[in-house]
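S.K.: Listed in order, the protein sequences are those of chains H and E.
Mapping of the first sequence onto the UniProt record's numbering: position 629 corresponds to residue 629, and the numbering continues sequentially without gaps.
Mapping of the second sequence onto the UniProt record's numbering: position 340 corresponds to residue 340, and the numbering continues sequentially without gaps.
Read the hints as simulated data drawn from the structure, not as lab findings.
Hints are supplied without guarantee of correctness; some may be wrong.
With a cut-off of at most 27 Å between alpha-carbon atoms, the simulated DSSO-like pairs for lysine-lysine come out as follows [said to hold, decoys possible]:
| # | chain 1 | residue 1 | chain 2 | residue 2 |
| --- | --- | --- | --- | --- |
| 1 | E | Lys439 | H | Lys439 |
| 2 | E | Lys600 | H | Lys600 |
| 3 | E | Lys436 | H | Lys600 |
| 4 | H | Lys574 | E | Lys274 |
| 5 | E | Lys439 | H | Lys574 |
| 6 | E | Lys574 | H | Lys436 |
| 7 | E | Lys600 | H | Lys270 |
| 8 | H | Lys383 | E | Lys574 |
| 9 | E | Lys573 | H | Lys383 |
| 10 | H | Lys436 | E | Lys573 |
| 11 | H | Lys574 | E | Lys600 |
| 12 | E | Lys436 | H | Lys579 |
Listed here are the chains, written in short residue letters.
Protein chains: 2
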Amino acid sequence: MAASGLVFPGTASGSVEYCPPCTHQVPLPPARPFLQTLRANVKETFFPDDPFRHFRGRSASRRFLLALQYVLPVLQWAPTYSLGFLKADLLAGVTIASLAIPQGISYAKLAGLPPILGLYSSFVPPLVYAVLGSSRDLAVGTVAVGSLLMGSMLGKAVSPLHDPVLYLHLAFTTTFFAGVLQASLGILRLGFVVDFLSHATIVGFMGGSATVVCLQQLKGILGLHHFTTDTDLVSVMKSVFSQTHQWRWESVVLGVGFLIFLLFTRFLSKRRPKFFWISAMAPLTCIILGSLLAYSTHAENHGVDVVSPPIGKLKKGLNPPSSSSLEGTAVARSFATLKNYHIDGNKEMVAFGMMNIAGSLTSCYLTAGPFSRTAVNYNAGCKTAVSNMVMAVAVMFTLLFLTPLFHYTPLVVLSSIIISAMIGLIDYAAAIHLWKVDKLDFCVCMGAYLGVVFVNVETGLLISVGVSILRVLLFVGRPRTVVLGNIPNSTIYRRMDHYSDAQPISGVLILRVEAPIYFANTSYLRERLFRWMDEMEEEPSSKDRKSLQYVILDMGAVGGIDTSGISMLEELKKTTERKGIQLLLANPGSEVMKKLSQAKVMESIGWQWIFLTVDEAVTACNFALHVVCKAPTPDIAGKITSGHSNV
Amino acid sequence: MAASGLVFPGTASGSVEYCPPCTHQVPLPPARPFLQTLRANVKETFFPDDPFRHFRGRSASRRFLLALQYVLPVLQWAPTYSLGFLKADLLAGVTIASLAIPQGISYAKLAGLPPILGLYSSFVPPLVYAVLGSSRDLAVGTVAVGSLLMGSMLGKAVSPLHDPVLYLHLAFTTTFFAGVLQASLGILRLGFVVDFLSHATIVGFMGGSATVVCLQQLKGILGLHHFTTDTDLVSVMKSVFSQTHQWRWESVVLGVGFLIFLLFTRFLSKRRPKFFWISAMAPLTCIILGSLLAYSTHAENHGVDVVSPPIGKLKKGLNPPSSSSLEGTAVARSFATLKNYHIDGNKEMVAFGMMNIAGSLTSCYLTAGPFSRTAVNYNAGCKTAVSNMVMAVAVMFTLLFLTPLFHYTPLVVLSSIIISAMIGLIDYAAAIHLWKVDKLDFCVCMGAYLGVVFVNVETGLLISVGVSILRVLLFVGRPRTVVLGNIPNSTIYRRMDHYSDAQPISGVLILRVEAPIYFANTSYLRERLFRWMDEMEEEPSSKDRKSLQYVILDMGAVGGIDTSGISMLEELKKTTERKGIQLLLANPGSEVMKKLSQAKVMESIGWQWIFLTVDEAVTACNFALHVVCKAPTPDIAGKITSGHSNV
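With the sequences and hints as input, model every part of the structure.
M.R.: Quick look at the structure:
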């Protein structure tokens, strides 16, 4: 097709020959062999962080050292460890130990396990993490939500009261398999499945879990002996208000008193970050005070139950998948951002997995990196994972010498500690922020929250993940199409409903599609594009308005196309042709161009109708509408034929 | 923040005051109340085709008439029906009747139903469709894939040989509920669920189903009496080759003979479209010839089974959801495109639904709009749905007077008719095209094909829908990020790996994100964007190359953002700041801007770092890198403060 033979439709004289102003060439992207593309795609999917880039161009011995350091991050910081670091880590370690001991005992109760398991779990796993983990700030230990999940899941199968040995073995098995799952997700580089839990999901899920945990503590605070095993709001409220005659005022007074003390210290620390140690020490203080009080007043005779019976040595043995472990990676990453170093999510998953596998073999249950304790560790000025080791040693001393003390700890104190820790997780401010910024994210969040509070944890997670995925599918299924107009005195074209000064071009409709053209949206796009054209044609035409003669599709935001999308474009081309409207494409992306040219759609639309920018497309239209030019310059002919030669 | 106080980092003098060249203002999109946005979104999701737009601005009586025409499309064309139309429709109706009779009998056999049901199903449903359907070309009747699906699904529950009455009732119930499902999808405007079957899925699924149907015909062709009820390749091949001694040569000769005749007529019609009637008449010719042959030679005594026993009158009664019905809408739409009129998918679903409900009450089974028959109808020159009525009348005559003839129809002829119709559905050319254009679509297609052929229809559908949805999630989960460069002598910036002449800007990294920033990709994007920066900084710097000081994010292709994405941008801003790199945003979309400003990210990045185009952002960077200018002109100060005043 020679340049001089091209004919524009709809001009006054019936047809004009093509002679556009100088436009830029739209070349085909360079061809890449299929295998190379496949390899690049697999790499981007599974190794987006390119973990091995430091290995490139190094000698064999250096590579070996780097590989060793990659597997055992301890080797990265151990050689340069200094006395100054040790001092900082000692302080941080003791601080987090004082938090780990009461929290360990409390959370173990939450999981329906003997309290001493909470202490065991703050001993071995932190040592494993110190060797394998790459975060310098993460404090390892049991987590409330994980404990709750485990308790509610295992409680369905076995009662911790009637068959404590079986329950314990089940707990170790659960921890073991959770570890295996984590490690294999990490090794298989599938850590990205965690990405499908959005920020909104996590806010709702954590808030819901915290609410449920607080509700469960009503048992301890009110001094009740019988309580529902269900976690939902309705069951708990029924259980609480069906036995009002069993409420013990001594327990309530003690519980509320400690709770007010704990919340006050938290408030103080929040106001003045340098007093972080006050809130860090408060739970241990409560435990000691509460135990002394119970010991001196024989509180167990006054309706205040103490830990007493279930503490003791436990046999070793083997140890359910859990989602709370996912939290740890995110926590490690957010603190890494604060200190400006890099965390490999998949590597952390492996470290957590190994930690839980080792833990399950040494009488520990599910551990991760709880946010609150990590924040204390960070504020206490930790430098390396040595703070975890210090904590482990401190917990070991507690185990060896201080366990008898915990015989007298009132259960109500543990409940107060749990509630004060959990209240911080109910992030209503974040929920309000979600409502303001993104209504759909707010729905996701409330779906998770209400699902967890009114049904159970699994339902809450399912609802929120479902809504999140539906959102992605809706984005692709119902893409935005917008009409563009010219910003006066520029070559820029923008949305007319956003930029109020953008001007329409007479006789030309410029449409922008803001999503990939996939099977899920081809029917919709077809309907929508035709509706835009119909609406444009139906508009009352003023005297200097021409009827619609050109439709320019701005493909700049079309990130991909599949065969259904290609068929749709072909059909669009045919239909517009039948209506006497010329279809132009502006700024098609590389992937889209490649596929369109393979499917020969570029040829069917015509290379001369493909433009680099909307402005150049509009210029070509205006040129054809207004100017009649018989002799194309050699330069233009060259542009057109060179477009062809790229096919 | 006054314009004169703004400071650019990283310039030779340490800091320069801001005085950019004239840039365009980036206003906030006009605010819309929440309810209005919600209403618009719901409308786009469920009413993308805006079916009621013709009602706007009309008088009440005119609206009533339009509503009546909307519900009963027959009223649109009936008043202007002419004798010329009738002549065309008569010819087309008789032509499709000659196809409907043999296909009806054959497909009923495929569904395990008495052949006469195939004829019944070409009588009532077309009459219903003629009144309610909006397609002028669609020929209604039973479809092979639907019949196969029904046969294999019902066959699992009840044997058509041992309990024919129950089987029949089950078939009617299935048809009834398929109708109810279709009608309710249409009424609830949920027709878009059909969109999630991509072109590739349909090619694979249809090809697989056609293969399975052909395999089933080996029973008829080989004259076997015992045959597996499973549809997968392995079971069928076992069944065929375990009884080679039962093969009847008479049956094989007759079957292959008729098959060659049918394929030859098809080939002829394809070569010369005006001989379409040859292939349209061929199946009926086969039936008549075969029946006469069987009658005259008493073929049933020579190993050639005839239809004989199951034909007869059937009692009326009530009539499982099916996916083949989905085909009809697509068929109607593609022919509507050819004739340039509009088909409302949801309305068609309602018409199909009513047709099947009515059918199930009048001894008909599942009907839809088969492609082959519709194509014949179109080629025969049909004008309106009257051709369906003519077909119905022709079938009625057949039912009244010609049924005895079909007693002698050899089953092998029906098998030949089915095979010849099915072979056309195995669209290997489309599969090759998919491989060339889109490897992933090819996988989807082959997944569907192999699933159907080796396991069953449901598995095939599940595999392909699963892969298709995974593709959409992967597109969002692993968005492309590309580095842009300047096209020489222009203000255009394009991908440097595509446009070989695009030039990088010294000290400035221009990144383009080609997907919405959602929870599913925030972790990936964070990793990837930092990797781009690291790679840029690690590059061996030539003497005139500056170190990285500016990162411009081209947001033009970012169609949406959620709260996880907003957090990621905030984090990116903080990290780049710590590295001494300034972050700039170019061309943010309306939805993205709205959310970023609600979340106060616009303020944290600074309104002066938001630009309308990449070129303006680059100009501002270059200006700060090269030019020192102390006194900003009033015009520029006005630009910056007016940006603020829009908050």
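S.K.: Which numbered conditions among the earlier hints are violated in the structure presented, ordered from lowest to highest?
M.R.: 1, 2, 11 and 12
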